[in-house]
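Asks: Sequence:
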Amino acid sequence: MIQNQARKPFHRRLYEGWLAIAGHFGEVQTLVVIGLSYVIVIGPVALIMGRKDLLHKRALAPGSAWMDADTTAPDLARAKRMF
48 MIQNQARKPF HRRLYEGWLA IAGHFGEVQT LVVIGLSYVI VIGPVALIMG RKDLLHKRAL
108 APGSAWMDAD TTAPDLARAK RMF
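Here the sequence shown is numbered in the numbering used here, starting from 48 and rising by one per residue.
Simulated from the structure, these hints should not be mistaken for lab results.
Think of the CB as a built atom: it goes at the ideal place given N, C-alpha and C, for glycine as much as any other residue.
Hints should not be assumed to be uniformly reliable.
Claimed, not checked - Here are the simulated distance ranges between beta carbons:
no., residue 1, residue 2, range
1, I95, E74, 26 to 36 angstroms
2, M129, R105, 24 to 34 angstroms
3, M129, G64, 54 to 64 angstroms
4, D100, D122, 34 to 44 angstroms
Starting from the given sequences, assemble the full structure and let the hints guide the process.
Replies: This is the structure in structure tokens:
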């Protein structure tokens, strides 16, 4: 009687086996999707953009990137435009 309780039904063993195989397929599929997205999207964009300075870091003066804040006086109309 102890052996019957320890042994799982065939469909349960089949299901657990399938889950193990599907887990490995999921890992491989993730790597394939990430790799393809890099090759199809990120790679060509990097080639097209080249060495452009999108953050405009080269145009900064040496020493600091500080920009003065807008010094207009706060008023109700300006506050309403913020939302």
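Asks: Confirm or reject each hint.
Replies: Evaluation of the provided hints:
no.	hint	in the structure
1	I95 / E74: 26 to 36 angstroms	holds (32 angstroms)
2	M129 / R105: 24 to 34 angstroms	holds (32 angstroms)
3	M129 / G64: 54 to 64 angstroms	holds (59 angstroms)
4	D100 / D122: 34 to 44 angstroms	holds (37 angstroms)
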